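Peer 1: I would like the entire structure built from these sequences, with the hints used as guidance.
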Amino acid sequence: MAETLDKVDVVTVGVGWTGGIVAAEAAKAGLSVVGLERGKNRGTEDYQHVHDEYRYAIRYELMQDTSKETITFRNTRDERALPMRRMGSFLLGENVGGAGTHWNGQTWRFLPYDFEIRSLTEERYGEDKLGDDKGYRWQDWGITYDELEPYFTQFDLTIGLAGEENPLGGSRSEPFPTPPMIETPMLKLFKDAANGMGLHAHMMPSANMTQQYTNPDGQTLQPCQYCAFCERFACEYDAKSSPETTVIPTALETGNFDIRTQANVVEVLTDEDDDSLVSGVRYIDTLSGEEFIQPADIVVLNSYVFNNYKLLRVSDIGEQYDPETEEGTLGRNYGYQTFGGARGFFDTQFNTFMGAGALGAGLDDYNGDEFDHSDLDFLHGGNIAVTQTGSRPIATNITRPDTPSWGAEFKKETIENYTRTIRVQGQCATTPHKDNYLDIDEDYTDAYGLPLVQLTYNFTDSDRVRTKYLADRCGEILEEMGANEIVVDEEIGDYDIVPYQSTHNTGGTVMGDDPETSVVNNWMQHWDRDNLFVVGAGNFPHNSGYNPTSTVGALAYRCAEGVITYSEDGGRLED
Amino acid sequence: MSKDEKRFSRRDFLKTTGVATGGILGGSLLGGFIGYNFDQSPPATEPETAEHGEEASGGDNHHTGYLFFTKHSDRETIEAAMERIFPEDDLGPGAAALGAAYFLDGQLAGDYGSNTKEYMQGPFYEGSATQGYQSRLNRREYFTLGILKLNEVANEEHDADFRALEPEQMDEILTLFQEGEVDMGVPAHTATAPEFFGLLRTATLEGVYSDPIYRGNRGMEGWKMKNFPGHQMAYIEQIDDGEFHEIDPQSVAEGH
Ligand SMILES: Cc1cc2nc3c(=O)[nH]c(=O)nc-3n(C[C@H](O)[C@H](O)[C@H](O)COP(=O)(O)OP(=O)(O)OC[C@H]3O[C@@H](n4cnc5c(N)ncnc54)[C@H](O)[C@@H]3O)c2cc1C
Ligand code: SF4
Numbered sequence: 001m002a003e004t005l006d007k008v009d010v011v012t013v014g015v016g017w018t019g020g021i022v023a024a025e026a027a028k029a030g031l032s033v034v035g036l037e038r039g040k041n042r043g044t045e046d047y048q049h050v051h052d053e054y055r056y057a058i059r060y061e062l063m064q065d066t067s068k069e070t071i072t073f074r075n076t077r078d079e080r081a082l083p084m085r086r087m088g089s090f091l092l093g094e095n096v097g098g099a100g101t102h103w104n105g106q107t108w109r110f111l112p113y114d115f116e117i118r119s120l121t122e123e124r125y126g127e128d129k130l131g132d133d134k135g136y137r138w139q140d141w142g143i144t145y146d147e148l149e150p151y152f153t154q155f156d157l158t159i160g161l162a163g164e165e166n167p168l169g170g171s172r173s174e175p176f177p178t179p180p181m182i183e184t185p186m187l188k189l190f191k192d193a194a195n196g197m198g199l200h201a202h203m204m205p206s207a208n209m210t211q212q213y214t215n216p217d218g219q220t221l222q223p224c225q226y227c228a229f230c231e232r233f234a235c236e237y238d239a240k241s242s243p244e245t246t247v248i249p250t251a252l253e254t255g256n257f258d259i260r261t262q263a264n265v266v267e268v269l270t271d272e273d274d275d276s277l278v279s280g281v282r283y284i285d286t287l288s289g290e291e292f293i294q295p296a297d298i299v300v301l302n303s304y305v306f307n308n309y310k311l312l313r314v315s316d317i318g319e320q321y322d323p324e325t326e327e328g329t330l331g332r333n334y335g336y337q338t339f340g341g342a343r344g345f346f347d348t349q350f351n352t353f354m355g356a357g358a359l360g361a362g363l364d365d366y367n368g369d370e371f372d373h374s375d376l377d378f379l380h381g382g383n384i385a386v387t388q389t390g391s392r393p394i395a396t397n398i399t400r401p402d403t404p405s406w407g408a409e410f411k412k413e414t415i416e417n418y419t420r421t422i423r424v425q426g427q428c429a430t431t432p433h434k435d436n437y438l439d440i441d442e443d444y445t446d447a448y449g450l451p452l453v454q455l456t457y458n459f460t461d462s463d464r465v466r467t468k469y470l471a472d473r474c475g476e477i478l479e480e481m482g483a484n485e486i487v488v489d490e491e492i493g494d495y496d497i498v499p500y501q502s503t504h505n506t507g508g509t510v511m512g513d514d515p516e517t518s519v520v521n522n523w524m525q526h527w528d529r530d531n532l533f534v535v536g537a538g539n540f541p542h543n544s545g546y547n548p549t550s551t552v553g554a555l556a557y558r559c560a561e562g563v564i565t566y567s568e569d570g571g572r573l574e575d
Numbered sequence: 001m002s003k004d005e006k007r008f009s010r011r012d013f014l015k016t017t018g019v020a021t022g023g024i025l026g027g028s029l030l031g032g033f034i035g036y037n038f039d040q041s042p043p044a045t046e047p048e049t050a051e052h053g054e055e056a057s058g059g060d061n062h063h064t065g066y067l068f069f070t071k072h073s074d075r076e077t078i079e080a081a082m083e084r085i086f087p088e089d090d091l092g093p094g095a096a097a098l099g100a101a102y103f104l105d106g107q108l109a110g111d112y113g114s115n116t117k118e119y120m121q122g123p124f125y126e127g128s129a130t131q132g133y134q135s136r137l138n139r140r141e142y143f144t145l146g147i148l149k150l151n152e153v154a155n156e157e158h159d160a161d162f163r164a165l166e167p168e169q170m171d172e173i174l175t176l177f178q179e180g181e182v183d184m185g186v187p188a189h190t191a192t193a194p195e196f197f198g199l200l201r202t203a204t205l206e207g208v209y210s211d212p213i214y215r216g217n218r219g220m221e222g223w224k225m226k227n228f229p230g231h232q233m234a235y236i237e238q239i240d241d242g243e244f245h246e247i248d249p250q251s252v253a254e255g256h
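Chains A and B supply the protein sequences, listed in that same order.
Per the UniProt record's numbering, residue 1 is the first one in the first sequence, and the count goes up by one each step.
Per the UniProt record's numbering, residue 1 is the first one in the second sequence, and the count goes up by one each step.
Derived by calculation from the structure, the hints in this document are not laboratory data.
Since we're looking at a predicted model, the values are computed, not measured.
Heads up, a few of these hints could be off.
[Claimed, not checked] Taking lysine-lysine and the DSSO-like style, the derived pairs with C-alpha atoms no more than 30 Å apart in a straight line are:
(1) A:LYS68 x B:LYS224
(2) A:LYS412 x B:LYS224
(3) A:LYS434 x A:LYS412
(4) A:LYS40 x B:LYS117
Peer 2: Here it is, written out as structure tokens:
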């Protein structure tokens with residue numbers, strides 16, 4: 001029998017970026033908040049011995065324990081979905097801070113085009129361009145860039161974003177809070193070459209600090225030391241904005257926030273008397289095995305794309321998407337990210353082993369609708385960038401395409417190439433497709449007896465040509481950079497769950513202004529349950545040509561405002 | 001520039017961040033730094049105290065006992081195969097001299113060997129390549145089977161155990177594994193030769209390039225060949241330099 005605890009105003013499921021933001025804002029507004037986090041507590045004092053590639057980057061020390069919970073995967077519906085037995089393609093977060101502990105901090109705002117992609121495409125190219133007949137499901141987000149702008153700014157200020165004006169991005173109401181990262185020789189080479197071609201390269205927006213910075217909540221971050229152990233690692237200096245260096249302490253300092261760790265939520269409880277409400281959550285203490293019910297006036301799901309979907313599904317909230325009939329919305333529009341780039345080989349040696357998570361330069365000339373798509377078989381594009389995140393030796397073994405993958409030649413080439421190549425890479429949007437979706441698995445369960453999430457996903461034809469188009473552009477830039485030899489990526493094949501690509505999963509609980517095609521409204525309020533909010537990259541109806549977290553942060557701030565408004569007035573927020 | 005000058009000390013950190021003057025960092029962070037001994041002088045390239053013993057230097061650990069293997073011949077088989085994957089040459093030592101087999105021995109004895117953080121619930125089916133590892137075997141079992149098969153094939157082809165073969169013969173056999181020409185004697189969803197080869201290749205690179213606290217990368221010679229400096233506190237002083245830096249590597253154990 002589950003023990004029922006005292007009711008609180010707000011419960012957040014998961015304490016990463018989204019959970020931390022909602023907790024901080026709600027607690028500052030005087031609401032009592034409990035954060036339930038399945039993992040353990042951790043903070044900067046745990047990060048003093050992290051310069052260990054094997055433990056942290058290869059064996060995923062800071063990330064999800066997939067022996068307890070994972071997903072199943074297949075490319076197409078006619079295949080049998082099988083468990084992702086170890087992580088590869090993406091690295092799910094666990095423990096306080098979530099994936100925000102070990103992110104890079106590359107913090108790009110999505111483009112104005114993204115939020116109105118359907119309307120703007122139709123306007124410029126006509127409806128046929130959208131490819132509805134090919135199963136593509138581009139849809140507007142139910143919000144505009146201008147409406148989201150204040151929340152983007154709020155996130156930028158919280159994290160002390162370091163950057164340089166992007167001539168092509170959406171407009172900013174405030175300048176970058178801190179100056180850009182240091183321009184290294186590799187980055188300068190890229191910027192000069194690209195700008196010489198008439199493109200608009202600039203330093204990447206970075207959540208690695210460039211100076212000491214105190215945010216509006218009074219949290220102080222320290223300057224980045226370019227230690228080169230950043231993504232997949234945690235920062236020993238408090239120099240990378242993360243939930244545990246910003247929003248979590250802010251929430252805790254109010255005295256209104258209580259984090260309960262090793263608390264794995266297994267159900268959102270529905271209200272017996274009122275089918276427009278939820279009443280709290282049920283969770284398992286992963287140490288004692290005991291079950292608890294945490295009643296709350298407002299429940300916010302902050303447990304990332306897969307578990308936000310899963311908790312709704314196992315709690316029977318909303319209607320599961322069916323790819324055959326396209327009825328139901330829960331699970332639809334799952335999306336991801338592709339990478340198309342080129343590698344240049346140089347005689348010069350670069351200090352590739354030095355770096356920082358968000359040290360890079362990028363350009364948006366081939367992103368969004370910045371270029372004419374009339375004669376192209378795809379929409380959107382991607383941000384092209386060079387990053388210098390610190391190459392490490394186990395993971396970095398670069399050869400030319402026909403070099404053997406082991407033996408004397410392999411050794412020689414990988415050692416030589418370690419400091420002598422530069423990759424220019426496009427980070428591409430993906431097209432939502434009616435056959436790409438989340439469901440639950442019938443054969444495999446997690447450690448608590450719940451079904452695993454089942455992912456059906458493959459790249460679409462438009463993803464393949466878009467990615468190749470970007471790769472070719474990267475090759476052109478490398479030529480201008482003076483590479484001796486350039487290897488341009490081949491067209492991408494089927495989506496493969498094994499090699500790391502990015503932790504930029506999207507969709508499944510999408511936002512919108514139409515309950516027929518979305519799960520939440522533009523306050524991240526569930527269409528069926530007024531006091532239930534669901535926030536994260538799962539809200540994206542498609543993925544853009546950028547990393548997600550700036551937009552995730554903006555949506556979380558908007559969600560937090562929605563939570564506070566709801567706590568005062570109740571009811572539907574879209575009205 | 002001497003090593004001392006290049007080293008980023010705790011004092012430098014405090015200076016750069018303004019902590020020393022502002023006292024802004026919380027106790028937790030400073031507490032965490034104590035373990036690092038940033039301001040030890042001279043830096044801990046030599047053992048600082050007797051209690052660390054002779055193994056403390058740079059985390060270099062040449063222990064050669066077995067945590068997983070039960071006989072020399074198994075370690076020698078793995079070592080011989082790893083040496084072919086990452087051979088000694090004019091650039092420097094190969095996987096054998098770097099201790100990669102001892103690295104693997106230690107790893108097989110722990111979480112890696114028993115797939116502790118991986119989803120190992122059945123049912124097990126052979127998947128498509130894009131679905132990844134689907135074997136019911138953990139890595140200990142996989143390597144045990146692999147060693148057996150390396151010797152079996154060596155005996156079939158050359159009448160000798162794998163570790164006794166000529167380098168070219170070893171390469172031939174490893175290629176058979178890589179290309180799936182070896183029957184592992186179990187269903188494909190249990191184990192395949194290319195998957196074993198993949199595990200072995202990855203373990204070799206890990207053994208050659210991991211921090212020496214894991215018993216491979218002896219003398220940090222793997223890192224030196226590649227010019228990877230290992231654990232350094234900061235590159236903020238050099239990051240914008242046009243010139244290329246060769247920096248003496250340090251283990252993460254440095255300063256313990
Ligand atoms: C290596 C890496 C590098 C990255 N780099 C970048 C980058 O440069 N730029 C960028 O924009 N993005 C980057 N990302 C992505 C970024 O980290 C995420 O977008 C962001 O952290 C997501 O925040 P979230 O709150 O939505 O989810 P998470 O951070 O995943 O937090 C979810 C939390 O919920 C908890 N949880 C899940 N299920 C339950 C349950 N049932 N009960 C209780 N708790 C639960 C989890 O343990 C976790 O702590 C990177 C990610 C990785 C892994
Ligand atoms: S690169 Fe900078 S922000 Fe990243 S972990 Fe190192 S010091 Fe921290």
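Peer 1: If any of the earlier hints don't hold here, list their numbers in rising order.
Peer 2: 1, 3
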